[in-house]
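Novice: Letter by letter, the chains look like this.
2 protein chains.
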Amino acid sequence: MSVDAALAWVDDRHDQLLARFSELLRIPSVSTDPAFAADVQRCADWLVGDLQRIGFANCQAIATAGHPVVYGEWLKAGPNAPTILVYAHYDVQPVEPLELWETPPFEPRLHEGRLYARGSIDDKCGAFANLIAFEALLETSGTLPVNIKVVFEGEEETGSPAMEPFVRKHKDLLAADLMLICDGGSEPDQPLMFYTARGIIGAEVKVTGPSHDLHSGLVGGAVQNPIHVVSTIIAALHDQTGRIQIPGFYADVQTPSATEQGLMAAQEQEFFEMLKSQTGRDTFWANELGSLVARTTALPTCDVNGVWGGYQGAGTKTIIPAEAGFKVTMRLVADQDPHAILEAFSQFAQSFASETAEVIVTKGPASYPVNLLYDGPVIEALQAAFEATWGKPATLYRQGGSVPIMGMFQRELGMNLATLGFGTGENGHAPNEYLLVDEFFRGVATAIHFYTNMGQQAA
Amino acid sequence: MSVDAALAWVDDRHDQLLARFSELLRIPSVSTDPAFAADVQRCADWLVGDLQRIGFANCQAIATAGHPVVYGEWLKAGPNAPTILVYAHYDVQPVEPLELWETPPFEPRLHEGRLYARGSIDDKCGAFANLIAFEALLETSGTLPVNIKVVFEGEEETGSPAMEPFVRKHKDLLAADLMLICDGGSEPDQPLMFYTARGIIGAEVKVTGPSHDLHSGLVGGAVQNPIHVVSTIIAALHDQTGRIQIPGFYADVQTPSATEQGLMAAQEQEFFEMLKSQTGRDTFWANELGSLVARTTALPTCDVNGVWGGYQGAGTKTIIPAEAGFKVTMRLVADQDPHAILEAFSQFAQSFASETAEVIVTKGPASYPVNLLYDGPVIEALQAAFEATWGKPATLYRQGGSVPIMGMFQRELGMNLATLGFGTGENGHAPNEYLLVDEFFRGVATAIHFYTNMGQQAA
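Going down the list, the protein sequences come from chains A and B. Counting in this note's numbering, the first sequence runs from 347 upward without gaps. Counting in this note's numbering, the second sequence runs from 347 upward without gaps.
No wet-lab data here; the hints were simulated from the structure. Do not take every clue at face value.
Copies of one chain are not kept apart here, so a pair can be met inside one copy or by any two copies together.
Straight-line alpha carbon distances no greater than 30 angstroms define the calculated DSS-like cross-link-like pairs of lysine-lysine that follow [as the list claims (entries may be wrong)]:
| no. | residue 1 | residue 2 |
| --- | --- | --- |
| 1 | 552 | 663 |
| 2 | 422 | 663 |
| 3 | 515 | 709 |
| 4 | 622 | 663 |
| 5 | 552 | 622 |
When you get a sec, could you build the whole thing from the sequences and use the hints?
Specialist: Shown next as structure tokens:
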């Protein structure tokens, strides 16, 4: 069987593969600091070279307005086999504070089953695990079970400013049946697969009143207080149940499917425990709107993240301030359009303006929610792969946070998405980042199974 | 006529009187700085000595928990004549920043009709003008037309912490028919007399939510946001017309008399112009509640002076903060009880507490509103005095700000109050404080007329 041969090929070469992985980890591809631009390019070139070495075609580091995107393809599985677009990113976070690293971040160190290095879990593992899987399959059976296109990003840690124009320009090149996002990880004894993330929009609101701070004893009662206006806007955002009051806010919110409801119910108790430990409380807010999981992942939210105005020092200062303001972010779910909601919020806030107080809204970033696959053949192929390697399926979970780039991929490329993460370990974005090596190779085996399962579905 | 003789006595001695006033101004009686405590005592002793010199009895610097109170009395006008308790304060503000003074603050300098010195308008003039008036009347007619008690405070600039216990302890000593507050001034060509001041209460409110700041993307929708609670409390303080919504808030608010209404109407246009220049706007707030003068002087107000919570820096930080808060002050009018209103506010704010958010109210200072005389014999005697010296009556005005000590005097001593200010000039509490010398002597003449008028009313 081709899977067994490929798995054995990997098993026979752990040390060599880790040595080659270490080559990749030694390149300080810090995308956020322009001083490392040449290293980012060198990292892209290394990956292009490795794709060529294992037999991929059309390998190139495609220039963008930012850092290069690594592309390569292997399309000889035939027209009946699906084409999978495999995403990972090869850039890494800065290493500061350097003094907290026990060994240098770009000198990989293997210790007690952990591979310490910057980028080991976030996310060079995502690129390299796939390279191993592809090479193992090609070396042992001369072919891949599916068509593969890889796209390895070089600026994920900077917020991916160049990726949207890149994707728009290269839609034909990136066309595929499925996009597999390989960024993230699992718990050591439990594989995880997230299948939804919320969009996010942000705005800053400033309310201006008198031309300068005034004595509240002398003019209070005649001069509208910007703090009161700010508070009135914020208070009007929710009703008493916690439901958001911006007109049209919920119009495009999709109700989770029965399958999703089941997945959500299975997460509820764990989520309650998590919230309890995070908040120091065992009662929560807005209970009428839905379960904890629903409220934090399947429903949109609106939170003021900061408010200010007037005097904040010790004691009393009897002023009516000239202005006050707040920052707000909202998490959106499919099919809410972030630009439309941002505009609706802006109009809502501005409806509180008057002859005595201006309301100025500065719109911030707007990113789309994303719904990935949670059932169907692709998920079956993934779960079978997890069963074969972990002895159990991955827990499908929803996340309340946002992964802006996935929403962009989904919207621009119009294809299904699924996730497969290889970065099980600790300290991503922190000193002493490390990868659990056994889990990593278990992930490689999962990938080999998954691609094989996908090929068999097509056969 | 005794008035003419007294006025002539003063006119003949301008230079000598200013020289003696300069002795008083040279004493750096800065009450806020303990380093000047001996100077404050020396200033009190100087006043006691001067009261004795001009023929007052029972002169003493009475020790208090703070700085001494200067007392003296002249009670030989007979039982039919009224007794007037004359208040001024002899302590002064600090002089910093010293480098902005053109000449040293405690070296009085006469220049172009201005007497420059710290304390020249606030409020050594109030004490010394009365001393001149008393001396002139005593020297020219051997008597005063009314009985006089003087009480010169030594800690007004520190908020008068020791005065309430002092007054409570010395009620018999201070008993009188009228208290004349000699602290303040006029415009150069228009005498002013304020007849009401609002009380003030303050509080700080803190709302606590989760035990620490949380990621709003991960827990938003389940964790109540303290900023939202703070905003809901603030927004609930007023209805859309600007009327305050704290239960019972207006229960004890007195409607101004017809006379007051007339006085207020006369102030309205001037007040509009003042507000226009202060705010940079020509439209105002809460117009339905009353005139501008009514809203800022005859009605209570509630202003949040500061609000804070969460992230206030640049860009976005997606948190639900552990807490948020605000500072509020309210201006009260007769007969609102500051302690009762503060308690009503506290209960109102706490009614927004829930299982997911505590509301903690810290009560601040509470002072009573004060209503002084605005008509009747005393005001007639004052206005006749102004007519005789300025050629026109004083403008009776209401002030929106607070003079906590007056409310205390009124409440503790249970007597009528009126104001007569001598401090016409500029830069009280600021560098280069100066008194307009001609206006000061016009005030001395007004006092001579007033005391004489009061004596004639009794005769």
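Novice: Each hint: holds or not?
Specialist: Going through the hints against the structure:
1. In this assembly of identical chains, residue 552 and residue 663 lie within 30 angstroms of each other by CA distance both inside one copy and across copies; the values are 21 angstroms within and 17 angstroms between.
2. When the C-alpha separation of residue 422 and residue 663 is checked against a cutoff of 30 angstroms, the pair qualifies neither within a copy, at 75 angstroms, nor between copies, at 47 angstroms.
3. When the C-alpha separation of residue 515 and residue 709 is checked against a cutoff of 30 angstroms, the pair qualifies only within one copy, where the shortest distance is 27 angstroms, while the shortest distance between copies is 63 angstroms.
4. In this assembly of identical chains, residue 622 and residue 663 lie within 30 angstroms of each other by CA distance solely across copies; the values are 22 angstroms between and 38 angstroms within a copy.
5. Taking the closest pair of Cα atoms, residue 552 and residue 622 come within 30 angstroms of each other only across two copies (22 angstroms); inside a single copy the shortest separation is 34 angstroms, beyond that limit.
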